[in-house]
Amino acid sequence: MLLLEERGGVSRLMVILGAVTGVLIGFSLAVLLTLIAGVSLAGALNALAYTYASGPAIASILALSGPIACSAIGLTVAYRARLITIASEGQVIAGAIAALWLLAYSGLKMGPLEGFMAPLLLSGLLGATIGFLVALLKVKLHVNEILSSLMINYIILVVANYIIGGPFREGPFAITRSVPHEYRVSYIIIPAVTGLITLLLWFLMSRTKLGLAVEAYGKAPRAAETYGYNPSRIIFSVALISGFTAGIGGALMILGFQYSMSPMSVFPGYGYMGVLVAWLSANNPLAAFAASLFISSIAVYGRLLQASGVPLGYVLGAQALIVLSALTAVTLVKYRVRWL
Amino acid sequence: MIAVTERKPVLEARGITVVYPNGVAANVDVNFKVYEGEIVALLGENGAGKSTLVRAVAGIVRPNRGEVYFQGRKVAISNYSEALRLGIYLVSQSPHVFETLTVAEDVGLTLNRAGVKVKLGEVEKLLASASLEYDVKVSPRELGWRLSMGEKQRVEIAKALLLNSKVIMLDEPTTHLTPVEASSLLDMLRRLASKGKGIVFITHKIGEAMEVADRIVVMRGGRVTGEFNAGNVTRESLLEAMFGSGSINFEGEFKSRPLKEDGSRAPLIDVEDLWIVEYGVPRVKGVTFSVREGEIVGVAGVAGNGQRELFEALIGLRKPVRGRVRISGVDVTSLGPGERVKLGLAVIPEERLGWALVPGLSVKFNVAFALASVNSGLGFIVDWAKVDRITREVIGLTKVKVAGGDAPVNSLSGGNMQRLIIARELFRKPRMVIAMNPTGGLDYATSVEVRKLIVKASGEGAGFLIISEDLGELLEISDRIIVMSRGSLRGEFRRPFNFDSIARSMAD
Chain Z
1 MLLLEERGGV SRLMVILGAV TGVLIGFSLA VLLTLIAGVS LAGALNALAY TYASGPAIAS
61 ILALSGPIAC SAIGLTVAYR ARLITIASEG QVIAGAIAAL WLLAYSGLKM GPLEGFMAPL
121 LLSGLLGATI GFLVALLKVK LHVNEILSSL MINYIILVVA NYIIGGPFRE GPFAITRSVP
181 HEYRVSYIII PAVTGLITLL LWFLMSRTKL GLAVEAYGKA PRAAETYGYN PSRIIFSVAL
241 ISGFTAGIGG ALMILGFQYS MSPMSVFPGY GYMGVLVAWL SANNPLAAFA ASLFISSIAV
301 YGRLLQASGV PLGYVLGAQA LIVLSALTAV TLVKYRVRWL
Chain L
1 MIAVTERKPV LEARGITVVY PNGVAANVDV NFKVYEGEIV ALLGENGAGK STLVRAVAGI
61 VRPNRGEVYF QGRKVAISNY SEALRLGIYL VSQSPHVFET LTVAEDVGLT LNRAGVKVKL
121 GEVEKLLASA SLEYDVKVSP RELGWRLSMG EKQRVEIAKA LLLNSKVIML DEPTTHLTPV
181 EASSLLDMLR RLASKGKGIV FITHKIGEAM EVADRIVVMR GGRVTGEFNA GNVTRESLLE
241 AMFGSGSINF EGEFKSRPLK EDGSRAPLID VEDLWIVEYG VPRVKGVTFS VREGEIVGVA
301 GVAGNGQREL FEALIGLRKP VRGRVRISGV DVTSLGPGER VKLGLAVIPE ERLGWALVPG
361 LSVKFNVAFA LASVNSGLGF IVDWAKVDRI TREVIGLTKV KVAGGDAPVN SLSGGNMQRL
421 IIARELFRKP RMVIAMNPTG GLDYATSVEV RKLIVKASGE GAGFLIISED LGELLEISDR
481 IIVMSRGSLR GEFRRPFNFD SIARSMAD
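Residue numbers (the numbering used here), protein chains in the order written: chain Z, 1 to 340; chain L, 1 to 508.
Same shape as in the complex, but just chain L (with noise of 0.2 Å):
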């Protein structure tokens, strides 16, 4: 403890706002610094502002206040340019390697872009030194596209050496690896640091973030929330920090949900023997199941078993080739989403913008468009006070965060979004909602209203029929689990479930 702060830090950044033109702020006055030779994990949830933190401190992104000091010096880093030319460098997300260069050729460019003129020749011996001393294993003569993500990381960390940056910075760098390739990462990055590099190491992964840094920052609504020693930090602290506090125990909310006795109601979705077959190859193989009203079924399994095609056949959008889909008694196999949607059902898909949201409109227009269509009162020519009342009761129905009816639906935040997705959908009341991921990518408060606002409605007596890969969320909420599979349905299970028998299956 005592050693650290005698330190002198290689990298701090003091006071950084950023507030993006739609108005949100995704940095709050952060103060963060790197000392030199230590591994610094960023831990917080999608959208707390690490990936903004960092873009401000390598020049992408302009911040509004604030100030960069390097090596005890105040810098004024206005493009990325600088950053390389100072000594930062950025891993981002996705690493950009140019598909149609070669690995030389790539980390000559960058090269020269940092103001370091060399020669093609010369890159390559510089990366065969490079690879010597940090086992940074990549051939110079290798296209850029025929390089695995791991890969891309390794010659994006070699342009680092090259370049002798003082702090390396890497945007998620586990989210696309495999695990040997995650753990192989982590192992280089602690060598890198040993030999006095400052390593910035952005993560969502509590559990990554104790394996490998020194010191853990947690960021949550884009402040800074805790700052650990990683020797001395509990898991729970870290949670706490991220999520804030009390949110901890909603594991185990809807324990206590009444078990809902079926065969008595009348199935709401009924699917009889559903075949979906896409270029010539069978995605969903004789699916059959059904959906009771007040029942929220979940369908678990591993993403690209043929969840997607069901999902869209059953909305309409896909017409299957052998089977039958029936919606409260109608038969609807070949009928397409607006008649669906005029039986009663309500869609949350799962991707927010662009399917269940129109980008670039209004909040009030995307309430409007989806609810002139069915039975709602709203005639051909469009009352659009009307419309800024159902807007206002819907914003109200789940507390959605905005300015009013005219903000851009762009401007809310993912969470916000699928609040007002599942308010405008619930607000039509539907007999029945079919929904995918309708948890993903959100934070885990935010993911535990929209649980709690299913299961209420599932008590008003809608029919869910979710599809998740959140195995954990089904466990959670659902009445019933269907497994899938290859196309094929591995399983039915019942409260109270076994996790280790549906796991099983989803790995059949």
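Bound conformation, chain Z alone (with noise of 0.2 Å):
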């Protein structure tokens, strides 16, 4: 039988030095699928090169990490709590749609400030609201969040859907009208956000009685519940707070790099990645603003592999390694393996 054995007094320093091994083993590991995929040494080398070095790829993954992240800081609170929602997903779509039609379809004129800031807002509502929901069927009905913000996911995909196809169609294809350049923002704007939301997340969870409460909530619900804390108000709280980020994920996605949409079944899912960034950072929210960077930087990747000529399962294939090798690297420096 195979034993893991926690080692114990194992430093921060040396999970970190762990997981930036992993990575590079996993990256190796990437380039070797490549090359069985057909492309030479040099290409596999090139498109790593790029995807780290060059001022456009770099870009692309600062304004992708933007939604990943405001998704996955969110959760990260959500998590603490054991709200394991996964409504992000959903969240970020409707935040798009939001800011979409405030911004190319509501008619309002927007100082550069306004036109920042109000989809923002209305994203993150809008979010918040989505979030709501989850919560009070947990709380009023007992419906276990998975489910209902699964579910939750699909029917805001329809309802995407027909906003896209129907009334927000421009043309012959299923495609909407674009943000005006002026309200577009430039992608070092968007790790600017992320980075804001993260310290104040940060701050709210290790500095106030919230996190506490949230903290203390989702390691030990009855203890919380003893010594106070109201269960019903950890959740709304926790479900809100997730549901806003995630919304405004959706905004900086419009804002930053997406711009207009088209039907909902070629959207890559940055409200799942960020499921993924949260529970890669162990809930903390300041690895989980690191772990979007790194996890945008691995999709970034895959494109450029796919455009240089590597089929879409070894992508995917490619991807999975890095993820796993640095999530193998950190679990040995944790543990011990023994057999038993």
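Misleading hints may appear alongside valid ones.
Simulated pairs of lysine-lysine, PhoX-like, Cα-Cα distance not exceeding 20 Å [claimed, not checked]:
1. Z:K209 - L:K342
2. L:K166 - L:K74
3. L:K33 - L:K74
4. L:K166 - L:K205
5. L:K166 - L:K195
6. L:K74 - L:K8
7. L:K386 - L:K429
8. L:K319 - Z:K140
9. L:K386 - Z:K209
Ranges of calculated distance between the beta carbons of each label pair, as one might list FRET restraints [said to hold, decoys possible]:
10. Z:Y335 - L:V118: 49 to 57 Å
11. L:Q93 - Z:T328: 46 to 54 Å
12. L:F380 - Z:Y272: 55 to 63 Å
13. L:E142 - Z:Y272: 30 to 38 Å
14. Z:S206 - L:N229: 58 to 66 Å
15. Z:S232 - L:L101: 42 to 50 Å
To be clear about the criterion: a stretch of chain Z counts as covered by chain L if any three or more of its residues have a C-beta under 8 Å from a C-beta of chain L, and this derived list gives those stretches [stated by the list, open to error]:
16. 200 to 209
17. 213 to 226
Because the hints were derived from the structure by calculation, they are not lab data. Where is the CB? At the ideal position from N, CA and C, for every residue including glycine.
Two chains, two separate frames, one set of hints: put the complex together.
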């Protein structure tokens, strides 16, 4: 029997070094896989170098990280309270549609500051409303939040497709209008916004009574309730917070790089990536910020591989190898493997 | 005596030291031996290091230092399979018998693990012969889940016999047994010893050790504190080795406490005709009582007679179907725990980790989260420097042994966790405290300390309701004892207590 025995006394630095080593091994494996796929060694290394050392690729990494980070950081808070929602996917989509409506369909003329802040706020509120629904179902009807949020995602998906192909359609194809140029933001704004959210939520979790309540409730619900915290209030708080940030992620996507929307069948699932990132970062908002940059870079690397002729299956395999070897390395740093 | 020292030990452990990753030194330089044909009792309180010692010898725990000699030869046992192969068998406190396998399959699995290749049919024959030779009655075709605890132990012993183990170690084997099963187990151990097996018998019950053992080794705090020949040992000397000198005379510590006159004082907790129903079954049936300022009221009873439900209803985790609960004169029947805590109620639940404390987090977090929800001067934004100060004060209040506020709360021993919980709850200057089994699982010396803390706080005016399975504890510290049986109150007693009448009403 295989046994994982906790080593104990492993410093944070060791864990980070382990993760970095794992990522490097993962990239070597990914390169190996692309060689098997028939790409030359020079081509494989080139894709890697281009991802991390070229301006356009780095700009894409920063831009893509926006919706991923917004979902992930909010989810770290929800997951700390053991509210395992995956509504972030629907919240990103809903947020994107709200922001697009405000900027391209509402007919409102806004200055640069309102044109930036108003969509974030509107998208955030819509995301929070969806979060409220999940929390309401859980608190009042004891519906499992994994199921309800998954189902809510499907509903949002269908509604979004209807809006894109119906009221928002421009021209013969199911594509919406684009965000006017004056409202579009530079890729550098995106990590600034997500960084700010990270710091805010980190402060909320580590320096406030709400943070104490969330942490206690997640690890020992009965203790939290016995010593004076209201479970329903905690669940609503984290559902609203995570919904708000994921909604902002949708706005950032529209303002930062997507500009218009097409049917959801081609949507890459930033909200679900956020779920992955939140788990990877052990529900630490600071780690989630870094991990979303990492995941976003792997997404960009995958696109570059595909552009250089690697079949999609190999691309997904390469991405998976990188994430898996990072996780394996961290596990091996924290645990000793024994045969019994 | 002389005959014993001339024999060679079949198993000997020298200088065993085990330090767990959380820094707890469970064994410190322990020397221990077992001779052929003798029963050694390993006696000590919970947490004395007995289980760790046998687990280290059996290769389940890796000692940081120390050597093991088997039949005079130094051996390195790196896992339990190797121990089995050598002839060392450990029967753990809850025997490992697969629920979904038959006894024969289960036994066969263990034999294979020890490197003995046998077919299922042979196992059945072997079991039958073992049953004859040692009177180990087990039916080979029975499924694991149908076996009682005593039967599972017999299966384990049968495995040891089939492996021809030279040393059989049993970890608290009588804990889950009925008295009849326990005495038949002790008989069997004597039989095994008479056939030359070395038996190690872990227990925390002095009487049991004196009854069955040839030799008694006492452990305390990870060290061996005494070794006695069972023939000429006294109960007092064993107690002293278990608890340290001077700890025996704590009985009667609280006898001199002045009696509280009640009637004049206002009731802090007032319960009126309380009914609690779970899944249609009434658990608490029309309970009425009150606790006054400075009074310690004990709720006695055999576990499972509605005490836990009563506790949960009083702290607000459970809604009664009928009746009324008042705290400081305020009707809190429909209010949650938060409102009750704000009225000055402190709660000491029976489970330390997960109910009283949040596992996996620091000591200071555990102080902060429980104090921040009520009038403690910690606002919405938590001032961690202030928390540090409060934590130091809390730790000092009951002398919690801990490196500091940043230490993970899981690294504390049970006794220190309880000190921390009581200190935290008393720090908020509660008007009343509701506690359930406040000294459960603690060693005697720590229990006495906890009781002293309770008595002291009641002297300062707090009212205590203590629900406890330990009648001795209640007799020691209560002003009044109410007895609960099958959900109802069966009597109310005042000091000086009459043990017999209280015990009778518990059985009512």
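Evaluated hints:
| no. | hint | verdict |
| --- | --- | --- |
| 1 | Z:K209 - L:K342 | holds, 16 Å |
| 2 | L:K166 - L:K74 | holds, 16 Å |
| 3 | L:K33 - L:K74 | holds, 13 Å |
| 4 | L:K166 - L:K205 | violated, 25 Å |
| 5 | L:K166 - L:K195 | holds, 10 Å |
| 6 | L:K74 - L:K8 | holds, 14 Å |
| 7 | L:K386 - L:K429 | holds, 18 Å |
| 8 | L:K319 - Z:K140 | holds, 17 Å |
| 9 | L:K386 - Z:K209 | holds, 14 Å |
| 10 | Z:Y335 - L:V118: 49 to 57 Å | violated, 35 Å |
| 11 | L:Q93 - Z:T328: 46 to 54 Å | violated, 35 Å |
| 12 | L:F380 - Z:Y272: 55 to 63 Å | violated, 33 Å |
| 13 | L:E142 - Z:Y272: 30 to 38 Å | violated, 49 Å |
| 14 | Z:S206 - L:N229: 58 to 66 Å | holds, 59 Å |
| 15 | Z:S232 - L:L101: 42 to 50 Å | holds, 45 Å |
| 16 | 200 to 209 | holds (count 3) |
| 17 | 213 to 226 | holds (count 10) |
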